[in-house]
Amino acid sequence: MSSRKKNLLKVIVLGDSGVGKTSLMHRYVNDKYSQQYKATIGADFLTKEVVIDDGSQAATMQVWDTAGQERFQSLGVAFYRGADCCVLVYDVTNPKSFDNIKSWRDEFLIHANVSSPETFPFVILGNKIDIEDSKQKISAKQGQEMAKELGNIPLFLTSAKDSINVDVAFEEITRGALQQNQNDADAFKDDFNDAINIQLDDESSSCAC
Amino acid sequence: MGHKNGSKEMYQKDNTRGIHHSNGSNISLVNTLMKSLKVSSSSSAVNNPPLHETPVRTTSNDLRSPVRPVNGSGNFDAMAKQQTSAIRSSSSYSPMRYSSPSQSNSIMNSENNNNRHTSSSYHENGSAKKSYNFSNNANGTPKLNTYFKDLDEDWSAVIDDSNMPIPTVANGGISRSNSDTFSVPGTPINHEEQYGLSKKLTNSSIQTSYSVKNTSSNQYSYPQLPQLQHTQSSELKSKLELENEREAQELNSLMQRIAKFDNIVNDKKIVNQQELRTISWNGIPKIHRPKVWKLLIGYLPANIKRQEPHCKRKRQEYKDGIDHIFSDEHNRDIPTWHQIEIDIPRTNPTIPLYQFKTVQNSLQRILYLWAIRHPASGYVQGINDIVTPFFQTFLTEYLPTTQVDKVETIDPATYMTSEQIIDLEADTFWCLTKLLEQITDNYIHGQPGIIKQVKNLSQLVKRIDIDLYNHFQDENVEFMQFAFRWMNCLLMREFKIDAVIRMWDTYLAETSLETTMIQTPMIANSYIRTPTEQPTATFQNLNSPFNASGGLSKTMSSSADENNRASYSSLNEFHVFVCAAFLIKWSDKLLDMDFQEIITFLQNPPTSEWEENDIEMLLSEAFIWQSLYKDATSHWL
Numbered sequence: 001m002s003s004r005k006k007n008l009l010k011v012i013v014l015g016d017s018g019v020g021k022t023s024l025m026h027r028y029v030n031d032k033y034s035q036q037y038k039a040t041i042g043a044d045f046l047t048k049e050v051v052i053d054d055g056s057q058a059a060t061m062q063v064w065d066t067a068g069q070e071r072f073q074s075l076g077v078a079f080y081r082g083a084d085c086c087v088l089v090y091d092v093t094n095p096k097s098f099d100n101i102k103s104w105r106d107e108f109l110i111h112a113n114v115s116s117p118e119t120f121p122f123v124i125l126g127n128k129i130d131i132e133d134s135k136q137k138i139s140a141k142q143g144q145e146m147a148k149e150l151g152n153i154p155l156f157l158t159s160a161k162d163s164i165n166v167d168v169a170f171e172e173i174t175r176g177a178l179q180q181n182q183n184d185a186d187a188f189k190d191d192f193n194d195a196i197n198i199q200l201d202d203e204s205s206s207c208a209c
Numbered sequence: 210m211g212h213k214n215g216s217k218e219m220y221q222k223d224n225t226r227g228i229h230h231s232n233g234s235n236i237s238l239v240n241t242l243m244k245s246l247k248v249s250s251s252s253s254a255v256n257n258p259p260l261h262e263t264p265v266r267t268t269s270n271d272l273r274s275p276v277r278p279v280n281g282s283g284n285f286d287a288m289a290k291q292q293t294s295a296i297r298s299s300s301s302y303s304p305m306r307y308s309s310p311s312q313s314n315s316i317m318n319s320e321n322n323n324n325r326h327t328s329s330s331y332h333e334n335g336s337a338k339k340s341y342n343f344s345n346n347a348n349g350t351p352k353l354n355t356y357f358k359d360l361d362e363d364w365s366a367v368i369d370d371s372n373m374p375i376p377t378v379a380n381g382g383i384s385r386s387n388s389d390t391f392s393v394p395g396t397p398i399n400h401e402e403q404y405g406l407s408k409k410l411t412n413s414s415i416q417t418s419y420s421v422k423n424t425s426s427n428q429y430s431y432p433q434l435p436q437l438q439h440t441q442s443s444e445l446k447s448k449l450e451l452e453n454e455r456e457a458q459e460l461n462s463l464m465q466r467i468a469k470f471d472n473i474v475n476d477k478k479i480v481n482q483q484e485l486r487t488i489s490w491n492g493i494p495k496i497h498r499p500k501v502w503k504l505l506i507g508y509l510p511a512n513i514k515r516q517e518p519h520c521k522r523k524r525q526e527y528k529d530g531i532d533h534i535f536s537d538e539h540n541r542d543i544p545t546w547h548q549i550e551i552d553i554p555r556t557n558p559t560i561p562l563y564q565f566k567t568v569q570n571s572l573q574r575i576l577y578l579w580a581i582r583h584p585a586s587g588y589v590q591g592i593n594d595i596v597t598p599f600f601q602t603f604l605t606e607y608l609p610t611t612q613v614d615k616v617e618t619i620d621p622a623t624y625m626t627s628e629q630i631i632d633l634e635a636d637t638f639w640c641l642t643k644l645l646e647q648i649t650d651n652y653i654h655g656q657p658g659i660i661k662q663v664k665n666l667s668q669l670v671k672r673i674d675i676d677l678y679n680h681f682q683d684e685n686v687e688f689m690q691f692a693f694r695w696m697n698c699l700l701m702r703e704f705k706i707d708a709v710i711r712m713w714d715t716y717l718a719e720t721s722l723e724t725t726m727i728q729t730p731m732i733a734n735s736y737i738r739t740p741t742e743q744p745t746a747t748f749q750n751l752n753s754p755f756n757a758s759g760g761l762s763k764t765m766s767s768s769a770d771e772n773n774r775a776s777y778s779s780l781n782e783f784h785v786f787v788c789a790a791f792l793i794k795w796s797d798k799l800l801d802m803d804f805q806e807i808i809t810f811l812q813n814p815p816t817s818e819w820e821e822n823d824i825e826m827l828l829s830e831a832f833i834w835q836s837l838y839k840d841a842t843s844h845w846l
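Chains A and B are the protein sequences, given in the same order. No gaps in the numbering here: position 54 of the first sequence is 54 in the numbering used here, and each next residue is one more. No gaps in the numbering here: position 66 of the second sequence is 275 in the numbering used here, and each next residue is one more.
The hints are simulated quantities; they were obtained by calculation from the structure and are not laboratory data. Every value quoted in this text rests on a predicted model; they were computed, and no experiment measured them. Take the hints with a grain of salt, since some may be wrong.
Derived coverage of chain B by chain A (criterion: at least 3 residues anywhere in the stretch with Cβ under 8 Å from a Cβ of chain A; other residues may be distant) [as the list claims (entries may be wrong)]: (1) 601-615; (2) 631-644; (3) 678-690; (4) 696-706; (5) 802-815.
Pairs of lysine to aspartate or glutamate, DMTMM-like flavour, derived with a Cα cap of 20 Å [what the hints assert, rightly or not]: (6) A:K161 <-> A:D31; (7) B:K566 <-> B:E628; (8) A:K135 <-> B:E550; (9) A:K102 <-> A:D130; (10) A:K141 <-> A:D99; (11) A:K48 <-> B:D803; (12) B:K523 <-> B:E606; (13) A:K32 <-> A:E49; (14) B:K500 <-> B:E517; (15) A:K96 <-> B:E550; (16) B:K528 <-> B:D542; (17) B:K566 <-> B:D620; (18) A:K38 <-> B:E550; (19) B:K528 <-> B:E628; (20) A:K96 <-> A:D130; (21) B:K705 <-> B:E617; (22) B:K566 <-> B:E617; (23) A:K96 <-> A:E107; (24) A:K48 <-> A:E172; (25) A:K48 <-> B:E606; (26) A:K38 <-> B:D707; (27) A:K38 <-> B:E818; (28) A:K96 <-> A:D133; (29) A:K148 <-> A:D106; (30) A:K96 <-> B:E526; (31) A:K38 <-> B:E617; (32) A:K96 <-> A:E70; (33) B:K798 <-> B:E818; (34) B:K566 <-> B:E550; (35) A:K48 <-> B:E806.
Every residue, glycine too, gets a C-beta built ideally from N, C-alpha and C.
The task is simple: from the sequences and hints, build the whole structure.
Structure, rendered in C-alpha cells:
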C-alpha cells in the first residue's frame, strides 16, 4: 500500500458552478473539449499518468472534479481527504466566482484536515480567457493580487476550450502535489492515507433486539 | 424480531404484488436464495390460495420473486438467520452478479419439477435469459387451465390461456438448445381480429413504445437456465413459426395490457389507485403514461369527475405563479436564477429536444418557480435532471400518435400553442413538486436524505455481498464517492432517458400513496422541515403494525397488507435497493479492481445503452432484495 501510494497524486478541483472545472479536467486528461458536459454532481473522478520533471519518475494523478454548487459542500470530506494538491478555479467573466476563491480555499482547509495548511500546495486557475476581452471582468492583475494575498499561490489564466495554459498549469499542480506527497511521506512513517472507515462503527449501533 | 419483521414483509409484499400464485413459482434467482436458505421452494409452489390480483412483474427473466414463507409463516426466523449465514459462508455468493452462470443450475433443475407457468413478458427481450417450462406432463394444457381459473384477473394469464403455451423468446429461441421443449397446442389466435381495428392505432404505438427488440442486449448473460425436460418435441416447429407465434402473442399481451389500463383509467368513476399501482409497476404503455404518471404521483385526483376542474385550477395556479415571478412585485433571486440558467443548457445536452429555446425557457420557469416556492431546499443541481422525464412524457400528449417516438427531436413550438406549453409546464411543475415532496431530505441543507441513503446502501451491500463490501474497505473506496450521484439524480445519469422513463413507471408506482393523497399547498413542508427531521420515513416503517405488534399479526388479510404497504412504501427506500442491485451486478468485476479502477468504473458504468428490459431486470432484482431485507434495514441504523 505505502509503496503504491508513493506514486499516487491526489488532486482536488474546487470552484463555483460553471467556471469550467470539468472542461479543464477533460482538456488535461483527454485533451478534448465539449460543450456537452452535464453539471457535475458530487464529484467526478479522473486519472492521468504523469511523468515528473526530468522523466525519472512516473506517477498517477487522481483528480476529483467536484460539483460547484454550494449545497454539495457537505459531502466534501469524502473527496478532500488525503489530497496532495488543491486546484481553485474561477471564471474570468464571473466576478462572483473570483470572489469565492478564498472561501473555497478555506472550505478545503477545514474539511481536508491537512497537516500544515501554510505550506499546502494550491494552484489557482482563471478560466475562459478565450472569451472576448470586453466580457472578461477579472484582469490578470486582479488575479495575481489575490493569488499573492492568499499566500503566493501560483496562478494560471487558462482556456479549456482553446487549450491555453492547461498543460503548464498541470505541470505546476503535479509539482506541488509531488512535493506535498513527499512531505507527508517524510512526516508520517505510516501511511496516513489509510483512512479509518467510520462505517465500521455502524455495526455496534444496530439494534440488538 | 428484526428477522421476523423482515420475513413478514416479504410475505406481505409478495401478496400485495400478487406475485405468488400457485403457478407462480419461477425459475428464479430467488430460488437460488431459497436453496441457500435450505428452504425447499417446491413447498411454496402449490396449495397456495389463489390471489385475485393483477400479478406479475413481467420481467424478462422469470424474476417474479417466488419467495414465499413456507407453510404460512413458520420458518421466518430460521430463514432469515440461515440466509445471513448462508450468504456469509459462501464466499462468492451473490446470485445477482452478472457473471456467475453456473451457480443456480442445479437448483433450477430441481425446480423444474414444479409445474410452472411463466407468463410471457409483453416485451420481447432478454431472451437469452429466458426459460420456459410450461409443464412436464405430456399434455400440459389442462393443468395450466386450472391455474388460470384461479387467475381470472390475471391479464397475462388470460392471454396465455388462449394460446398457451407459446413461449416468448427472442432471436427465434437461439439461446435455447434443441433439447428444449414446450408444448404448443395450436396456432395462436389472431387477437388482432378480436380487438378490432380500434387497436390499429395502438398497434403502431405499441410497436414503437415497446420497441420490439430482436437483439439480445444482454451481453452479461445471466445464468443459462438449465436444459428443460422434454415431454413433447418442439423440434418440429420451425423457428419461423415460433417467431410468428411469439409476435402474435406479444401483440396480444400488449393489447391486453393497454386494455387493462384503459379500464382502470377511463371506465370507472374512481380510478382504483391500488390496482393502477400494481399494474404500473411492470411498465406503462406509452399512450397511457402521461395520465397514469399524473395519477400515480397524486397530481390528478382519482375521482374522474374531479380531474378536469382540478387540472384547470392547478394550471391556473401555476400561471399565476409564473405571472408573479415575472412581475415587478417579485425580487428575482439572482443566484438561483443564474444557477438554473447555467444548468439548463447542460441538461440532457445530447438530446436535441433540450436544445430548443422553447424547452429551455419552459424548464427555466418550472425550476425557478419550484425553487423559490421551496426555499428550504431551493434549486439543487440534479433537480434539472429529475424534471425532464415528466416534461418529456407529458409532451407526448400533444404529439400525434405517430410522432410520439420523435418527441426527442421535434421542437414543441412547432406543434403546441403557447397556452398548451404553459399547461404542459404546469403539469410538469406539479408532478415535480409531488415527487420532490417525497424526497425533500435529499436536497435540503446538508442533504441528509442522500447521506442516509448512501449509508443504507453500504449496509445493504454489507449484508448482501460481504466480499464486495470488504473489498471496498480494503481499497478505501467509500460509497459516497460513487453513490452520491446515484441518489441525487435517482440513477438518471447512468441510463438514457427512455430507460429512465421506464424506470419511473415503477418508481412512481412505488411512491407513497399516503403522501400522494394529501393535497399539499404549494409551499409544501419544506418550510417546516429541518434537516434532522425525517418526513418520509425511509427504512423506518413507523406505520407498520408489524413493528408494533412484534409480529403477532401474521395472518393479515391481503387487502390490509396492501394498504399497509402503501402507507410506508417510499421511493427513497426502494431506490436504495435498486442501487444495491445495480452495484452487485458488477460485483465480480469490481472484486478484481483496485480503488482507481473501481471508482472509474462506477462513475462510468457501461449502462448508457441499457434498454427497458435491462431496467426491468434491475428493478426485479431490487424488488427481491427489498422483500428479503426491507424491515431488517430499520435495525441497522
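Structure-based check of all given hints:
1. By the rule of at least three residues with a Cβ nearer than 8 Å to a Cβ of chain A, the coverage given for the segment 601-615 of chain B is violated, with 0 such residues.
2. Counting residues of the segment 631-644 of chain B whose CB lies closer than 8 Å to any CB of chain A gives 0, so the stated coverage by that chain is violated, three being the minimum.
3. Against chain A, the segment 678-690 of chain B contributes 6 residues with a C-beta closer than 8 Å to a partner C-beta. That satisfies the three-residue criterion, and the hint holds.
4. A count of 3 residues in the segment 696-706 of chain B with a Cβ less than 8 Å from any Cβ of chain A is obtained; the coverage claim is therefore met, three being the minimum.
5. For the segment 802-815 of chain B, the stated coverage by chain A is satisfied: 4 residues place a CB nearer than 8 Å to a CB of that chain, which reaches the threshold of 3.
6. Restraint check for A:K161 and A:D31: satisfied, since their Cα atoms lie roughly 10 Å apart, inside the 20 Å limit.
7. A distance of roughly 16 Å separates the Cα atoms of B:K566 and B:E628; the hinted pair therefore holds under the 20 Å criterion.
8. A distance of roughly 18 Å separates the Cα atoms of A:K135 and B:E550; the hinted pair therefore holds under the 20 Å criterion.
9. Note on A:K102 and A:D130: the hinted pairing is violated, with a Cα-Cα distance of about 24 Å set against a maximum of 20 Å.
10. Restraint check for A:K141 and A:D99: satisfied, since their Cα atoms lie roughly 14 Å apart, inside the 20 Å limit.
11. Of the pairs offered as hints, the one joining A:K48 and B:D803 holds, with about 15 Å between alpha carbons and a cut-off of 20 Å not exceeded.
12. Simply put, B:K523 and B:E606 have alpha-carbon atoms about 18 Å apart, close enough for the 20 Å limit, and the pair holds.
13. Our distance criterion of 20 Å between C-alpha atoms is met by A:K32 and A:E49, whose separation comes to about 16 Å.
14. Restraint check for B:K500 and B:E517: satisfied, since their Cα atoms lie roughly 12 Å apart, inside the 20 Å limit.
15. Taking the CA atoms of A:K96 and B:E550, the gap is near 15 Å; set against the 20 Å cutoff, the hint holds.
16. The suggested pairing of B:K528 with B:D542 holds, with an alpha-carbon distance near 19 Å, which does not exceed 20 Å.
17. As the CA atoms of B:K566 and B:D620 are separated by approximately 9 Å, the hinted pair is consistent with the 20 Å bound.
18. Restraint check for A:K38 and B:E550: satisfied, since their Cα atoms lie roughly 13 Å apart, inside the 20 Å limit.
19. Note on B:K528 and B:E628: the hinted pairing holds, with a Cα-Cα distance of about 10 Å set against a maximum of 20 Å.
20. Among the hinted pairs, A:K96 with A:D130 is consistent with the structure: their alpha-carbon atoms are about 19 Å apart, no more than 20 Å.
21. Annotation: proposed proximity of B:K705 to B:E617 holds, straight-line Cα distance about 12 Å (limit 20 Å).
22. In summary, the hint linking B:K566 to B:E617 is supported, as the alpha carbons are separated by about 14 Å, within the 20 Å threshold.
23. With a C-alpha separation of about 16 Å, the suggested pairing of A:K96 with A:E107 holds against the 20 Å cut-off.
24. A distance of roughly 15 Å separates the Cα atoms of A:K48 and A:E172; the hinted pair therefore holds under the 20 Å criterion.
25. Simply put, A:K48 and B:E606 have alpha-carbon atoms about 47 Å apart, too far for the 20 Å limit, and the pair is violated.
26. About 18 Å separates the Cα atoms of A:K38 and B:D707, which keeps this hinted pair within 20 Å; it holds.
27. With a CA separation close to 17 Å, the supplied pair A:K38 and B:E818 stays within the 20 Å bound.
28. Among the hinted pairs, A:K96 with A:D133 is consistent with the structure: their alpha-carbon atoms are about 18 Å apart, no more than 20 Å.
29. Only pairs whose Cα atoms come within 20 Å are accepted, and A:K148 paired with A:D106 is accepted, the gap being roughly 16 Å.
30. As the CA atoms of A:K96 and B:E526 are separated by approximately 35 Å, the hinted pair breaks the 20 Å bound.
31. Proposed proximity of A:K38 and B:E617 is supported: the alpha carbons are some 18 Å apart, at most 20 Å.
32. For the given pair, A:K96 sits about 13 Å from A:E70 by alpha-carbon distance, which is consistent with the 20 Å threshold.
33. A C-alpha spacing of about 19 Å is found between B:K798 and B:E818, which places the hinted pair at or below 20 Å, so the restraint holds.
34. As the CA atoms of B:K566 and B:E550 are separated by approximately 12 Å, the hinted pair is consistent with the 20 Å bound.
35. The straight-line distance between the Cα atoms of A:K48 and B:E806 is roughly 12 Å, inside the 20 Å bound, and the hint therefore holds.
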